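Participant: For what it's worth, numbering that gives the first Met the number 0 labels the leading residue of the sequence shown as 0, then goes sequentially.
Hints were generated in silico from the structure; no laboratory data involved. Be careful, since some hints might not be right.
Claimed, not checked - Within a straight-line C-alpha distance of at most 35 Å, the following computed DSBU-like cross-link-like pairs (lysine-lysine) qualify:
id	residue 1	residue 2
1	Lys141	Lys123
2	Lys194	Lys86
3	Lys51	Lys86
4	Lys141	Lys194
5	Lys194	Lys184
6	Lys123	Lys184
What the hints assert, rightly or not - Per label pair, the in silico range of CB-to-CB distance:
id	residue 1	residue 2	range
7	Gln158	Gly18	22 to 28 Å
8	Arg124	Glu157	40 to 46 Å
9	Lys123	Gln158	40 to 46 Å
10	Arg124	Gln25	22 to 28 Å
11	Lys123	Gln25	45 to 51 Å
12	Arg28	Pro99	18 to 24 Å
13	Thr24	Asp119	16 to 22 Å
Please read all numbers here as calculations on a predicted model, not as lab measurements. Don't be surprised by glycine CBs; every beta carbon is placed ideally from N, CA and C.
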Amino acid sequence: MLRFALLLVLATAAAAQSGLVEQYTQAIRNGGSTPELHVRRGMARFVANDVKGSIEDFDRAAELQPAVAPQLWQRGISYYYVGEYRKGYQQFELHQTVNPNDVENGAWHFLCLARAEGVDEARKRALPIGRDGRIPMAEVWKLFRGEATAEQVMARAEQDGSPDALLYARLYLGLYYAALGDSAKEREYIAAAAKDAPAHYMGSVARVHAKFLGL
0 MLRFALLLVL ATAAAAQSGL VEQYTQAIRN GGSTPELHVR RGMARFVAND VKGSIEDFDR
60 AAELQPAVAP QLWQRGISYY YVGEYRKGYQ QFELHQTVNP NDVENGAWHF LCLARAEGVD
120 EARKRALPIG RDGRIPMAEV WKLFRGEATA EQVMARAEQD GSPDALLYAR LYLGLYYAAL
180 GDSAKEREYI AAAAKDAPAH YMGSVARVHA KFLGL
């Protein structure tokens, strides 16, 4: 039953975004080749499971307006899913220059670096993240640095009880266990994150990851 419900969620989200991709494509064909439109289409393509296509749009946005490049954290996530880990952690290092207090940026930098050079190296080169007040991001960052447990992350999220808190806990626990090579726990947490994910980009990341795992 859980697998059927998750498949339905994934299929519905991808279908909706495919329609958006077509709308943005038409707008671009009609002379609207702007950085904003390419970023929006790139995000829609990612959610529709066209990760390579999303990178093409993010790259085009940066070509049209180089000042946009540091803002493109979405491109870093796409790099992760196509295995371009070096480009991924470099994108998150660039994003750090404009967004120094975002645990998610530090986490994705860690994830790309762990894939490229190992978990120990990722911890050694962890970005200096400032205060991120979102629950349970403080606990998530401690986990990635080896200073907290999965139980502490989930306890903080469950104490808050909001959909976003539960998403962030489950998603980043799944990603963390992926970095450690624990596929069973990765699948457990990602499935839970994707099933109840809120309707925003990071919720879509959980759904894309679930699709990536064949859940």
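Participant: Each of the hints needs a verdict: does it hold here or not?
Facilitator: A quick look at each hint next to the structure:
1. Lys141 - Lys123: Between Lys141 and Lys123 the Cα gap is close to 14 Å, so the pair holds against 35 Å.
2. Lys194 - Lys86: Satisfied, since the Cα-Cα distance of roughly 30 Å is no more than 35 Å.
3. Lys51 - Lys86: holds, 14 Å
4. Lys141 - Lys194: holds, 26 Å
5. Lys194 - Lys184: holds, 16 Å
6. Lys123 - Lys184: holds, 24 Å
7. Gln158 - Gly18: 22 to 28 Å: The hint (22 to 28 Å, Cβ to Cβ) is violated, given that Gln158 and Gly18 are roughly 38 Å apart.
8. Arg124 - Glu157: 40 to 46 Å: violated, 31 Å
9. Lys123 - Gln158: 40 to 46 Å: Cβ of Lys123 to Cβ of Gln158: about 31 Å, so the range 40 to 46 Å is violated.
10. Arg124 - Gln25: 22 to 28 Å: violated, 43 Å
11. Lys123 - Gln25: 45 to 51 Å: 47 Å Cβ-Cβ, so the 45 to 51 Å window holds.
12. Arg28 - Pro99: 18 to 24 Å: violated, 38 Å
13. Thr24 - Asp119: 16 to 22 Å: violated, 44 Å
Taken one by one, the earlier hints fail for this structure at numbers 7, 8, 9, 10, 12, 13, listed in ascending order.
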